[in-house]
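Construct all of the structure, not just a fragment, from the sequences and the given hints.
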Amino acid sequence: PVVGTTVAGPSLVLGALLDGIPESVAIGTTLIGGSNVSVAMVVAVAISNIPEGLAATTGLRQSGMRGTRIVTIWGVVVALSVAAALVGYAVLGDAPADAVAVTQAFAGGAILAMLANAMMPDAYRNGGREVGLVTVVGFIISSFLAGQS
Numbered sequence: 015p016v017v018g019t020t021v022a023g024p025s026l027v028l029g030a031l032l033d034g035i036p037e038s039v040a041i042g043t044t045l046i047g048g049s050n051v052s053v054a055m056v057v058a059v060a061i062s063n064i065p066e067g068l069a070a071t072t073g074l075r076q077s078g079m080r081g082t083r084i085v086t087i088w089g090v091v092v093a094l095s096v097a098a099a100l101v102g103y104a105v106l107g108d109a110p111a112d113a114v115a116v117t118q119a120f121a122g123g124a125i126l127a128m129l130a131n132a133m134m135p136d137a138y139r140n141g142g143r144e145v146g147l148v149t150v151v152g153f154i155i156s157s158f159l160a161g162q163s
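With my numbering applied, the sequence shown closes on residue 163, and no number is skipped along the way.
Treat the hints loosely; a few may be bogus.
To be verified - What follows is a list of derived Cβ distance ranges for each label pair: (1) Q76 to A160: 36 to 44 Å; (2) Y138 to L94: 29 to 37 Å; (3) R139 to R75: 16 to 24 Å; (4) A160 to A130: 16 to 24 Å; (5) L32 to A109: 30 to 38 Å; (6) V151 to V85: 28 to 36 Å.
If you are wondering where the hints come from, they were derived from the structure by calculation, not from laboratory data.
Where is the CB? At the ideal position from N, CA and C, for every residue including glycine.
Here it is as structure tokens:
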């Protein structure tokens, strides 16, 4: 989803929620055993959600929705994502390491699927060949941040 497309805002909000839940569960599971959430993980989640949020908000505004309602909708998405992180931490706290690994792999797969199916094709279509270079730079930065954690 890219800002200015005709995709309906509500469907993008739903997409953000469905994408945000696995991300939040992954963040919650990294807290198991007292480990810190990786800086790379939090930065990646935050950056990946910006275009999605902008596109959805633009669609909601174009449909005539008021600003206060849009803020409320995003507040609910954030609250549900926080709840998903807490559930990931609480439910998987006593789970075997294999179960935690499978949950994190599933969350990673959901993120990759969203990137491959929606974000990257739209970015390439609207941004041209430079998108490939920017993608590589983003990957290098995230690899650097992961090494710092």
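Verification of the hints:
1. Q76 to A160: 36 to 44 Å: 37 Å, holds
2. Y138 to L94: 29 to 37 Å: Check passed, 30 Å falls within 29 to 37 Å.
3. R139 to R75: 16 to 24 Å: Given a distance of about 23 Å, which is inside 16 to 24 Å, the answer is holds.
4. A160 to A130: 16 to 24 Å: 20 Å, holds
5. L32 to A109: 30 to 38 Å: 23 Å, violated
6. V151 to V85: 28 to 36 Å: 32 Å, holds
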